[in-house]
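Reading the first sequence from the start, the letters are residues 1216 to 1345 in our numbering.
Incorrect hints may appear among the rest.
What the hints assert, rightly or not - Below, simulated DSS-like cross-link-like pairs (lysine-lysine); rule was C-alpha separation at most 27 Å, straight line:
#, residue 1, residue 2
1, Lys1223, Lys1273
2, Lys1273, Lys1261
3, Lys1262, Lys1223
4, Lys1261, Lys1223
5, Lys1262, Lys1273
Because the hints were derived from the structure by calculation, they are not lab data.
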Amino acid sequence: MTLSVLTKRADFLAANAGTRNARAGFVLLTRPNSGQGIRFGITVTKKIGNAVVRNRMKRRFRELLRAALPTLGLPDHDHVLIGRAGGIERDFHLMAEELARALARAREGRGDPSGGRRPRKGDRKGGNRP
RNA sequence: UCAGGGGGCCCGAGGCAGCCGCGUGCGCUUUCGUGUGUAAACAUGGGGGGCGCGAGGAAAGUCCGGGCUCCACGAAACAAGGGUGGCGGGUAACGCCCGCCGGUCGCCUGCAAGGGCGGCAAGGGAAAGUGCCACAGAGAGCAGACCGCCGAUGGCUCCCGGAAACGGGGCACAGGCAAGGGUGAAAGGGUGCGGUAAAAGCGCACCGGGGGGUCGGCAACGGCAACCGCAUGGCAAACCCCACCCGGAGCAAGGCCGAAUAGGGGCCGCGCGUCCCGGAUCAUGUCCGGGACAGGGGAGUUUCGCCCCGAGCGGCCCGGGUUGGCUGCUAGAGCGCCGGAGCAAUCCGGCGACCAGAUGAAUGGCUGCCACCGUGCGGCAGGUCCCUUCGGGAUACCGUGUACGGAGACAGAACCCGGCUUAUGACGGCCCCCUGACGUU
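The task is simple: from the sequences and hints, build the whole structure.
Rendered as structure tokens:
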């Protein structure tokens, strides 16, 4: 099983409808991709900081995912990490632990409650696979 | 020479090791897949492993100048619009850089005239024209008279002397003046002497200024002597005038490749009921839009009612779009070293190396040690000080060991160069100016 990178905007938009697990440094989105293998993508918006800050965050996220996904990743799922302001220079080992827990929750099909604030319209069933 | 302060330029943008990774180029390897082939083998894709290279001085802002690409265009000139603005040099070019000139500010030197050093500034034209110069002030562009000065000359129904002529004094009416005060960013040359009733380039000397001459300089400009009594203040970053420069858009430029699906156009074959209205057309109609009737179909059948269809279908060809891929794409007005020319910017010659090409965007992640700063502890070696019994003790300075804490900037190539501007922490190196101390003359 090899890792591949998401490059299409449509894939990112689709992942937005998947299971959502938020941590201090990042938000993990997972969504089945019907047999495409383990794929991942990273989103860091301009709100986080300038290009230097954003690129460094992406590099560290890539390293986290490269270490975790082969053993802890969900097979045939897309994984998208969204950077949060709390993730700037957050301790690397701490974030590795948080990522492991978030992946475990996603594996159980559980995400954060969507709440009335940001409705996700029924796509929640995407995480309810056997 | 040292210390402190200010300014400018250059280098560098922590180092090493271990483990795990990323991008790219080139070899190697493979009982792997696919294609061609009788085979050998070749091509291509995948796996494994090796070697080389892999962010910046600003990669930033996108403010100028170019290369390159496409578009437009006979050439050139003019007009419009925009830009630049002392002179010379450098450059592919520039609004950039270097040198110089003039201006201005500060410091030093000198009796002075002058000279030296450093800094600053978009520095063509104000007798081509137009416009503006607030407030204050008497007066601000045909200059002007508030306070003031004078009142020689003329005047006075003033005072004294005198017979008178007149003399002396007074007044400040006419009038004269612009020195001094005052206003202002700016008041129409400055200082001094003469002169005068008081004054004034009214006269003179020096300084400043002017146009012409002459000498020097490639030039900006400078020197000199004579002449002119001074004859037109500032703003051109207000319009404007003069000289010179400029076609536009940008790598999302531009070129190439091609699938599925949907849609467009053309041709051919078959098919396409009648009538009416409108549109388009010079006109015809197998043109376009709408309507009525006939016709066909649907709900099991028939009648009535309702709904739908009422012109396409098939084949071939063509061009375009979306997404995607390839290319442009990195060897260059480049880099390093040496030599030469030049005050310098820069240029010339020789030698050498190949030095990022990503595209949801590589150039990294983690750990340890060292290096920088601060604090505490140990006193381990040295220095210093104390007691002095070969030894012991203290230690604020320096080395060093250790523990804890801190700092580690600005910032990430996106077609490529030359500049400018802006942002930037620590340590270095060089230069200039100012201040202080010491030493020498």
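Status of each hint after checking the structure:
no., hint, in the structure
1, Lys1223 to Lys1273, "17 Å, holds"
2, Lys1273 to Lys1261, "12 Å, holds"
3, Lys1262 to Lys1223, "21 Å, holds"
4, Lys1261 to Lys1223, "19 Å, holds"
5, Lys1262 to Lys1273, "14 Å, holds"
Figure legend: structure checked against the earlier numbered hints; every hint is met.
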